Amino acid sequence: MANVAIAEGATPRPNYGSMSKDRRWALRWSYFFLVLFAIFFLMPPIYMLITSLKTSQEISAAGNPWWIYNPTLANYIELLTQNHYLTFFRNSAIVSVCVVAVTMLISVIAAFALARMKFWGSATLATGVFLTYLIPETLLFIPLFKMFAWVNETFDIQLMNHWWTLIILYPTLTVPFCTWIMIGYFASIPKELDEAALIDGATWTQTLTKIFIPVALPGIIAATIFAFTVSWAQFLYPLAFTTSTTELVLPVGIITTLIKGDVFNWGQIMTGALLGAAPPLVIYAFLMDYYIAGLTAGATKG
Amino acid sequence: MADVAAPNSIAAMGDSRSSLHKLMQRKSTVAFLMALPLILLILILVAYPAGYAVYLAMLNKGMTRFVGFGNFEFLFTRDTFWLVVYQSCLFAITAVIFKAIIGFVVAHFVHNIPSKGQRKWRGMLLVPWVIPPAMSTLAWLWLFDPSYSAINYLLEPLGVGRIPWTGEAGWARFSVILVNVWIGAPFFMIMYLAALKSVPEQLYEAAAIDGATWWQRIWFVTLPMMRNIIAITALFSLIVTFANFDIVRVLTAGGPLNSTHIFGTWAFRVGIEGGDIPLGASVSLFMVPILAVAATFILRDITKRGSEV
Chain L
1 MANVAIAEGA TPRPNYGSMS KDRRWALRWS YFFLVLFAIF FLMPPIYMLI
51 TSLKTSQEIS AAGNPWWIYN PTLANYIELL TQNHYLTFFR NSAIVSVCVV
101 AVTMLISVIA AFALARMKFW GSATLATGVF LTYLIPETLL FIPLFKMFAW
151 VNETFDIQLM NHWWTLIILY PTLTVPFCTW IMIGYFASIP KELDEAALID
201 GATWTQTLTK IFIPVALPGI IAATIFAFTV SWAQFLYPLA FTTSTTELVL
251 PVGIITTLIK GDVFNWGQIM TGALLGAAPP LVIYAFLMDY YIAGLTAGAT
301 KG
Chain U
303 MADVAAPNSI AAMGDSRSSL HKLMQRKSTV AFLMALPLIL LILILVAYPA
353 GYAVYLAMLN KGMTRFVGFG NFEFLFTRDT FWLVVYQSCL FAITAVIFKA
403 IIGFVVAHFV HNIPSKGQRK WRGMLLVPWV IPPAMSTLAW LWLFDPSYSA
453 INYLLEPLGV GRIPWTGEAG WARFSVILVN VWIGAPFFMI MYLAALKSVP
503 EQLYEAAAID GATWWQRIWF VTLPMMRNII AITALFSLIV TFANFDIVRV
553 LTAGGPLNST HIFGTWAFRV GIEGGDIPLG ASVSLFMVPI LAVAATFILR
603 DITKRGSEV
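Line by line, the protein sequences give chains L and U. Its first residue numbered 1, the first sequence is counted upward by one per residue in my numbering. Its first residue numbered 303, the second sequence is counted upward by one per residue in my numbering.
Calculated from the structure, these hints are not laboratory results. Predicted model only: the values in this text are computed from it and were never measured. Heads up, a few of these hints could be off.
Straight line, CA to CA, 27 angstroms or less: simulated DSSO-like cross-link-like pairs of lysine-lysine [unchecked claim]: (1) L:Lys-118 - L:Lys-191; (2) U:Lys-422 - L:Lys-21; (3) U:Lys-329 - L:Lys-118.
Construct all of the structure, not just a fragment, from the sequences and the given hints.
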């Protein structure tokens with residue numbers, strides 16, 4: 001096909017000028033629409049930043065909402081000296097870090113077993129893992145709510161209203177997907193590599209730690225980022241299972257403590273939301289390629 | 303493990319078959335143990351609750367008596383329930399269609415520009431997907447504020463009157479879909495961009511020589527080549543959008559007058575806030591049919607691709 005293209009493309013030479021002119025216009029239009037879409041996509045975060053730098057008086061004044069007349073950091077100072085917000089941030093950080101650790105431990109080991117050490121039912125299990133990823137948390141929170149009540153009655157362990165309960169719950173959202181991408185990455189490693197290691201007398205643990213983990217490191221980073229962002233952003237479980245201000249995590253904390261009845265303290269809400277969005281954004285800014293690799297791996301691998 | 307087994311089998315040549323068998327067995331036992339935490343997690347925290355939801359849905363409000371399909375029959379007589387069914391389908395289908403179209407269009411624009419600038423644009427356009435949805439929906443809530451709406455301020459010079467973004471049923475439905483499209487379109491863009499890059503350049507060259515217009519190039523080359531990715535991304539997104547909670551909860555909390563409730567938020571309202579756990583469980587179970595259909599298609603695609611390799 002390529003041969004034909006070259007042979008026939010050589011004859012209509014004069015057409016080339018108009019082709020490149022077409023391309024220039026296509027390029028201009030592309031930039032024009034990209035700018036429009038970028039404005040649409042970036043408008044809310046920019047407005048968050050604008051509002052967070054305003055005083056309450058300015059927010060409720062009738063002026064141009066897109067302009068800051070008296071920039072101030074008062075919202076940031078007030079929010080960060082308030083005990084509550086830092087508590088939410090700390091809870092979110094501890095929960096997310098623990099969930100990432102638990103997730104990676106479970107999913108890397110399980111994915112290795114499923115991708116390389118076949119056992120009875122391992123293929124079914126791999127499909128099952130993927131199916132679990134498709135079961136949403138909106139289906140599970142009500143039975144879990146009832147199960148927690150049962151645990152409290154039977155074992156006298158109160159799971160409700162504790163931030164550490166979230167460490168038990170979030171892996172259900174992160175482990176299936178992480179296992180799935182890790183299976184994909186491990187399966188793409190050539191069999192000869194671990195066979196060579198086995199012949200050299202390596203045990204399965206050594207094959208995993210000395211060969212699979214280093215080779216599949218990009219996949220592991222992608223899965224780690226995924227697990228972190230999912231547990232940082234989760235909203236339904238903390239809303240359903242935690243209520244006291246000391247036990248809340250970020251999104252729920254902002255909504256329940258900064259909105260008092262009908263009074264919205266928008267300056268602080270936007271500051272809180274912006275600071276809360278910062279950790280995923282910073283990770284994304286530095287590890288964009290891994291982030292995108294993790295996004296596309298779910299549907300293209302396997 | 304291997305070097306322990308080797309001298310054994312040399313020493314007892316006659317027994318080598320059974321010791322090899324034992325080794326295989328041991329390997330699979332080790333593998334099973336390695337996957338055990340995963341299995342337990344799925345069984346206890348996903349499979350069991352999913353089954354338990356079905357049981358719960360068949361109890362009465364006090365959870366003392368088995369009522370069979372009583373809860374479902376009760377739901378069918380409620381107008382609110384049909385409103386929720388209508389809104390869930392409208393919300394999910396409209397949002398997925400618009401996400402797919404915007405994602406496709408933006409992916410093309412990014413693909414068109416010189417490749418050294420693509421990274422920067424791609425990075426900028428994915429920001430809505432990276433911000434936790436509950437936080438970005440708060441920003442939208444503030445942009446939609448009835449008295450200080452910054453969007454209305456921009457629309458005023460264009461002669462558009464004050465729009466009640468979250469105050470009136472029709473506009474509230476539009477707003478939740480708009481926010482969902484805003485969050486989800488960048489994901490489609492990334493997936494489609496990856497797919498566009500995998501379409502061989504020769505196909506376009508051949509099409510150009512055959513005199514194809516840009517529309518014919520998209521219709522006869524791009525779309526068929528991307529069919530798989532388009533379908534699987536849309537199915538994934540359909541599942542996630544159908545089961546959405548954050549956006550509707552933060553933006554409208556189901557209001558005004560229950561017009562924006564979808565299954566997830568209404569189940570929360572009825573089951574947790576209203577204290578009727580069985581009824582809430584039955585509401586959330588209505589998500590299962592569409593999830594099952596989408597999951598079947600996705601699985602078929604995966605097994606098909608698995609057998610191709």
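Going down the list of hints, with the structure as the test:
no. : hint                  : in the structure
1   : L:Lys-118 - L:Lys-191 : holds, 13 angstroms
2   : U:Lys-422 - L:Lys-21  : holds, 25 angstroms
3   : U:Lys-329 - L:Lys-118 : holds, 9 angstroms
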